[in-house]
Amino acid sequence: MSTKEEQRKLIDEAKAKLIETPKATKDSKFIEATDPALINALLAERDLLATQIKDLTARKAEIEAIFKDVIGDHLELRVHGAKVATYRKYRETVLKTDVVQEQFPLLDYPELYKRVNRTRLTIH
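First residue of the sequence shown: -9, per my numbering; consecutive thereafter.
To be clear, the hints were calculated from the coordinates, so they are not data collected in a lab. Do not rely on the hints blindly, as some may be mistaken.
To be verified - In silico lysine-lysine, DSSO-like type, Cα no more than 27 angstroms apart, as pairs: (1) K50 x K73; (2) K(-1) x K58; (3) K104 x K86; (4) K19 x K7; (5) K(-6) x K44; (6) K5 x K(-6); (7) K(-6) x K7; (8) K79 x K58; (9) K86 x K73; (10) K(-6) x K50; (11) K79 x K50; (12) K5 x K19; (13) K73 x K58.
What the hints assert, rightly or not - Cβ-Cβ distance ranges computed for the label pairs, FRET-style: (14) T47 x T87: 25 to 33 angstroms; (15) E52 x T(-7): 44 to 52 angstroms; (16) A51 x D2: 29 to 37 angstroms; (17) T87 x N30: 36 to 44 angstroms; (18) E82 x A34: 38 to 46 angstroms; (19) G71 x A27: 37 to 45 angstroms; (20) F57 x A27: 43 to 51 angstroms; (21) H64 x A23: 36 to 44 angstroms; (22) L46 x V69: 18 to 26 angstroms.
Predicted model, so just to flag it, every value in this text is computed and none were measured. Just so you know, even glycine gets a beta-carbon here, dropped at the ideal spot from N, CA and C.
All chains, please: the whole structure from these sequences, using the hints.
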């Protein structure tokens, strides 16, 4: 996929073909793809995006490291008098959850814990 129009077309096609199909029932733990070629195209697009995000994140971190080095011991970086970046170092108190869980186990102190529902999509 190279252009935004082609990418949008793939997403629109996937929504039209894949989402409106019947969903899996509780009796079945999986659903078979009705259009394997479209699913494979989406997986390829997702993989390409993940690679681009990884590369962009690495570039962003490099640029931010340069800004931190330029700022050094100062607090701000200015261009023509306008503030463009600030760098602050601060301390923060955080909870050591592993120590708390050891000292107050779930079975002995259930009132300290709460159950939450979460979802996660894993692409294999």
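We went through each hint and held it up to the structure:
Of the pairs offered as hints, the one joining K50 and K73 holds, with about 19 angstroms between alpha carbons and a cut-off of 27 angstroms not exceeded. Of the pairs offered as hints, the one joining K(-1) and K58 is violated, with about 41 angstroms between alpha carbons and a cut-off of 27 angstroms exceeded. At most 27 angstroms may separate the alpha-carbon atoms for a hinted pair to count; K104 and K86 meet this at roughly 17 angstroms. Under the criterion of a C-alpha separation no larger than 27 angstroms, the hint pairing K19 with K7 is consistent with the structure, at around 21 angstroms.
A hinted pair counts as satisfied when its Cα atoms are at most 27 angstroms apart, and K(-6) with K44 qualifies at roughly 20 angstroms. A threshold of 27 angstroms between alpha carbons decides the hint, and for K5 with K(-6) the separation of about 16 angstroms falls inside it, so the pair holds. At roughly 20 angstroms between alpha-carbon atoms, K(-6) and K7 fall within 27 angstroms of each other, so this suggested pair holds. The suggested pairing of K79 with K58 holds, with an alpha-carbon distance near 11 angstroms, which does not exceed 27 angstroms.
A threshold of 27 angstroms between alpha carbons decides the hint, and for K86 with K73 the separation of about 37 angstroms lies outside it, so the pair is violated. Annotation: proposed proximity of K(-6) to K50 holds, straight-line Cα distance about 23 angstroms (limit 27 angstroms). With a CA separation close to 19 angstroms, the supplied pair K79 and K50 stays within the 27 angstroms bound. Using a Cα cut-off of 27 angstroms, the hinted pair K5 and K19 holds, with the two alpha carbons roughly 22 angstroms apart.
As the CA atoms of K73 and K58 are separated by approximately 14 angstroms, the hinted pair is consistent with the 27 angstroms bound. Range check, T47 to T87: Cβ separation about 26 angstroms, and the 25 to 33 angstroms hint holds. Look at E52 against T(-7): about 28 angstroms separates their beta carbons, and that is not inside 44 to 52 angstroms. Look at A51 against D2: about 34 angstroms separates their beta carbons, and that is inside 29 to 37 angstroms.
In this structure the hint that T87 and N30 lie 36 to 44 angstroms apart at CB holds, the actual value being about 40 angstroms. Range check, E82 to A34: about 41 angstroms between beta-carbon atoms, so the 38 to 46 angstroms window is met. Restraint check, G71 to A27: a C-beta distance of roughly 57 angstroms breaks the suggested window 37 to 45 angstroms. Range check, F57 to A27: Cβ separation about 45 angstroms, and the 43 to 51 angstroms hint holds.
One distance hint, 36 to 44 angstroms for the beta-carbon pair H64 and A23, is violated here, with the actual separation near 56 angstroms. L46 and V69 have their C-beta atoms about 23 angstroms apart, which keeps the hinted 18 to 26 angstroms range intact.
Against the hints set out earlier in the document, violations occur for numbers 2, 9, 15, 19 and 21.
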